[in-house]
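Residue numbers (the numbering used here), protein chains in the order written: chain A, 1 to 334; chain B, 1001 to 1249; chain C, 2001 to 2297.
Derived by calculation from the structure, the hints in this document are not laboratory data. Hints may be right or wrong, so weigh each one.
Pulled from the structure, derived: some chain C residues nowhere near chain B, Cβ distances all over 10 Å [as the list claims (entries may be wrong)]:
1. Leu2149
2. Ser2156
3. Tyr2158
4. Ile2173
5. Ser2174
6. Trp2185
7. Phe2242
8. Ser2270
Quick partial rundown of chain C residues pointing at chain B, CB under 8 Å, derived from the structure [what the hints assert, rightly or not]:
9. Val2056
10. Pro2113
11. Arg2117
12. Lys2152
13. Pro2157
14. Asn2178
15. Leu2189
16. Glu2217
17. Arg2264
Beta carbons are placed, not taken as given, at the ideal position from N, Cα and C, and that holds for glycine.
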Amino acid sequence: MWDSIYKLTLVIGRLIFPITTFILIMIFGLEIFSFLETKATIIPQLLWNGLVSGALIALVSLGLTLIYSIAGFIQFAHGELVALGAYSFMVFHKWLNWEILPASGGALFFVILVGLLLEKFFFRPVSQKDSMIPLVISIGLSMGIQSIILIIFGANILTMSNNFSKSHSFFNNTILATYPQILTVALSIFLMISLILFLKHSKIGKSIRAVSSNRAVAETFGINVNKSLQWIFGIGALMAGIAGICLGFEQNLEPLMGVHILIKAFAAIILGSIGSIRGAIFGAFLIGVSENLLVGLGIIPSGFSVAIPFIILILMLLIKPEGLLGKRFESLRQ
Amino acid sequence: MIQYFQIKNLCKYFGGLHAVDNLCFSVKKNSITGLIGPNGAGKTTAFNLISHFLPRDKGDILFQNENLKKLPAYILVRKGIIRTFQQIRLFPNLTIRENLLLALSKNYDGWWTSFFPINEAKKNEEIEISLQKFDLEKLIDEKAEDLSYGQSRIIEILQKKLTGADFILLDEPASGINPTRLLEIEKLLLELKSNGKTILIIEHNMNFIMKMCDEIIVMENGKVLLQDTPQAVQKNQKVLEAYLGKNNK
Amino acid sequence: MFEYILSLLTITVILVLLAQSYNLSFGLTGLLNLGHIIFYGIGAYTAAILNTKFGVGFFENLILAILITGGFATFFGLLCLRLSGHYLAIATLGAAMITSVVANNWMSLTNGPLGIRGIENPIVFGYHFDSALSIFSLYFIIVSFCLFLLYKIFHSPYGRILRAIKDDELAAISVGKNVFSAKIWSLILSASFTGIAGVLYAHYRLFLDPSIFALPEIIFAILIVVVGGRGNFWGCILSVLFLQFISEIPRFFGFPDEIVGATRNILFASLLIAVMFWKPNGLFDKQLKKTLEKNKK
Chain A
1 MWDSIYKLTL VIGRLIFPIT TFILIMIFGL EIFSFLETKA TIIPQLLWNG
51 LVSGALIALV SLGLTLIYSI AGFIQFAHGE LVALGAYSFM VFHKWLNWEI
101 LPASGGALFF VILVGLLLEK FFFRPVSQKD SMIPLVISIG LSMGIQSIIL
151 IIFGANILTM SNNFSKSHSF FNNTILATYP QILTVALSIF LMISLILFLK
201 HSKIGKSIRA VSSNRAVAET FGINVNKSLQ WIFGIGALMA GIAGICLGFE
251 QNLEPLMGVH ILIKAFAAII LGSIGSIRGA IFGAFLIGVS ENLLVGLGII
301 PSGFSVAIPF IILILMLLIK PEGLLGKRFE SLRQ
Chain B
1001 MIQYFQIKNL CKYFGGLHAV DNLCFSVKKN SITGLIGPNG AGKTTAFNLI
1051 SHFLPRDKGD ILFQNENLKK LPAYILVRKG IIRTFQQIRL FPNLTIRENL
1101 LLALSKNYDG WWTSFFPINE AKKNEEIEIS LQKFDLEKLI DEKAEDLSYG
1151 QSRIIEILQK KLTGADFILL DEPASGINPT RLLEIEKLLL ELKSNGKTIL
1201 IIEHNMNFIM KMCDEIIVME NGKVLLQDTP QAVQKNQKVL EAYLGKNNK
Chain C
2001 MFEYILSLLT ITVILVLLAQ SYNLSFGLTG LLNLGHIIFY GIGAYTAAIL
2051 NTKFGVGFFE NLILAILITG GFATFFGLLC LRLSGHYLAI ATLGAAMITS
2101 VVANNWMSLT NGPLGIRGIE NPIVFGYHFD SALSIFSLYF IIVSFCLFLL
2151 YKIFHSPYGR ILRAIKDDEL AAISVGKNVF SAKIWSLILS ASFTGIAGVL
2201 YAHYRLFLDP SIFALPEIIF AILIVVVGGR GNFWGCILSV LFLQFISEIP
2251 RFFGFPDEIV GATRNILFAS LLIAVMFWKP NGLFDKQLKK TLEKNKK
């Protein structure tokens, strides 16, 4: 008799928390569902906006995470490459009146050149030292490039909008999208897939992966570390430049635009655990979509939108410090 | 009988690899015990588990009648178990004096003590005496990164000694050391033993092990193969097989 | 001219305290904490809000700011110090962004981007410090006292542990140091001193807006510590003086106002990069003297 009661309490004790959680989820779920129903008409639009901004963040964060995994530091000046891409495209396209394709070609050429020069003159000489040093240097570079942009173009907000960036409605007016937005998403997905294939199958991609897993061993096997560093900075700059051009159609040009997207990309790469490519893509889309949903549905006031990635990030650090897709790290590093 | 130090059924798995698998052995008080075995036998992992630098999956570690639960690694040092690493881990940008003072100031180093006058003369004296035995007192204000390998190895063992720990784990103290330095290390270890300390050594240098140890534990594939005196281990057929492979008699 | 020099000196004195307290966590312990400026801002906002809304005096503000920034630092440390190196840098930068956003948008508390006006000058024991000279002397005394305490911390056994942690965390654990607690305390101490600097700033400027959290301020703080040498007590003070001198240069060349800020930033950025390139231990390195002496022999 008592024995069975004892067993029953054990069972209840084990089940009580799952049951309460389930009830809470049901209550909140119904609440959320009814809330979403009232806003159902704008949700597709918000999802699309989230997808676009996720694609942009992904382009930036892929470069960041690759540079981290090869060179071992976080490149704070990476956001400035985005800004340079946008501004140089504007110079070619609006001031010199080039067509879109040659203008973007010119802008990308310029950005890649800057990326390679940064690598050659600022990061390679200190690549063997304490990783704090390139990090601080990149912070300085970021501020320097920002100020140069400010001096040349002024603090005034410039726009790039023209006929090409008019919005069109799709799917019975549920979604408004512009051609640059569609192009952004398509390009971003194309670049992600080709990047993964490049790293997996090409000879240079293989040597890049070798360097990232163990630099010293890769060097003894005759892999040219400097060459893979160059490739990584070039690829990163290319993606940042494309992100910059696309971002220029999305929003106004201002000297701080690079920093703003860089900060979201930071949050994205940590969310998906630093150094992992799948993680960076996942984190980028998570942040893009959740930011647009939270602000668009009026859950968080739009003034706080800058903080959203970091609120997500800090919540995650509380729950799972090693990143959503990361492996558990051990306390020992020998 | 309750041993001074004992581990029971210690396990650690890395994925499918059983790095340490049901490891059981005990160490007698005031002895020098060697832990040997082929590469990959799980010796260093066992050290990491004992010093709580890695969380164990299963098993008990008993030290001086106390069952050590899952503790932060620094607590273990305060309880009296201290370890070295395979590579030398001194503080490269601190001077030798500071390296050794760090070991001496045990628990009295919270920030609030900063505002009271500190009298480190006595500690400095202790450090100088212990350095004089190895002719290193001239180097006392040099940075640790400027020392030679052998010198830093001795400084490292001295540092561990100065913490006052009772049970000292040394991970390959003799590897890469020239013969004269090796004699000094042997002297140091014997001195530690005569001071009542207990020492556990991982080492590949067989001459050193056979000379120094009172007892030897042989590990293979994460398990204890044999625990016996050096003479018995030298003659044992199973140990030879473990080192040289079974077909290579 | 005298007034101008005095105001420059007062700001310099506040900056010395800010930089030296940052030097404790970033320089000595090696915590790559990019969000340190939030403690400065929180200290300043504490003083501004309490003073304008509740009429709390200068000294009470100092004590409250120490408590509040210390509390924030504890929370911040428990959250972020589980991370190491670059993770820490990003998480702390994020925390700075969040605080900045809160300061800009919580209108009822901080009055948003319009800022808080009408903070009083310090009043201590009934004496009104409203002339430039008296404020400077008061601040000089307070900052000297704080620097004395910081000097004690830097050169104590505790400071030695912090330097050991910067060198090799694992080795510090292996000689029985509670690394996590030492790090958190270094953050809390450094935050409290920064909070004091913030209070001084608010009671001197008499006006406060969210630009105190801006990115260039963070970089300026990093620059001071890096130029002075990470963990170098006297070098840090020298470096504040040096940088204050440099930052006044563009003003004398008569650049237009819009560009002064940008040129100064470029100057600072190139200085930061140059120091990191050629003198990663700072311009005022103790080791430098020693090597020179060695070469002579």
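Each hint tested on the structure:
Against the 10 Å criterion, C/Leu2149 falls within the reach of chain B, whose nearest CB is about 7 Å from its own CB. At roughly 4 Å, the least C-beta separation between C/Ser2156 and chain B is not larger than 10 Å, which violates its mark as non-interface. Not every Cβ of chain B is farther than 10 Å from the Cβ of C/Tyr2158; the closest lies at roughly 5 Å, contradicting the non-interface assignment. Distance check on C/Ile2173: its Cβ comes as close as 5 Å (rounded) to a Cβ of chain B, failing to clear the 10 Å threshold; non-interface status is violated.
Against the 10 Å criterion, C/Ser2174 falls within the reach of chain B, whose nearest CB is about 6 Å from its own CB. With 10 Å as the threshold on Cβ separation, the claim that C/Trp2185 sits away from chain B is violated: the shortest Cβ distance comes to roughly 5 Å. With a closest Cβ-Cβ approach of about 24 Å to chain B, C/Phe2242 is found to remain outside the 10 Å limit, as its non-interface label requires. With 10 Å as the threshold on Cβ separation, the claim that C/Ser2270 sits away from chain B holds: the shortest Cβ distance comes to roughly 27 Å.
A cut of 8 Å between beta carbons decides the hint on C/Val2056: the least distance to chain B is about 27 Å, and the hint is violated. At a threshold of 8 Å, the smallest CB-CB gap from C/Pro2113 to chain B is about 38 Å, leaving the interface hint violated. Given hint, C/Arg2117 at the interface with chain B, is violated; its Cβ is 38 Å from that chain's nearest Cβ, farther than 8 Å. This hint holds: C/Lys2152 has a C-beta 5 Å from the nearest C-beta of chain B, less than the 8 Å allowed.
Nearest Cβ of chain B to the Cβ of C/Pro2157: about 5 Å, under the 8 Å cut. The hint holds. The beta carbon of C/Asn2178 comes within 5 Å of a beta carbon in chain B, closer than 8 Å, and the hint placing it at the interface holds. Given hint, C/Leu2189 at the interface with chain B, holds; its Cβ is 6 Å from that chain's nearest Cβ, closer than 8 Å. For C/Glu2217, the suggested interface contact is broken, since its CB lies about 27 Å from the closest CB of chain B, more than 8 Å.
Because the beta carbon of C/Arg2264 sits about 33 Å from the nearest beta carbon in chain B, more than 8 Å, this interface hint is broken.
Hint check: violations occur at hints 1, 2, 3, 4, 5, 6, 9, 10, 11, 16 and 17; the rest are consistent with the structure.
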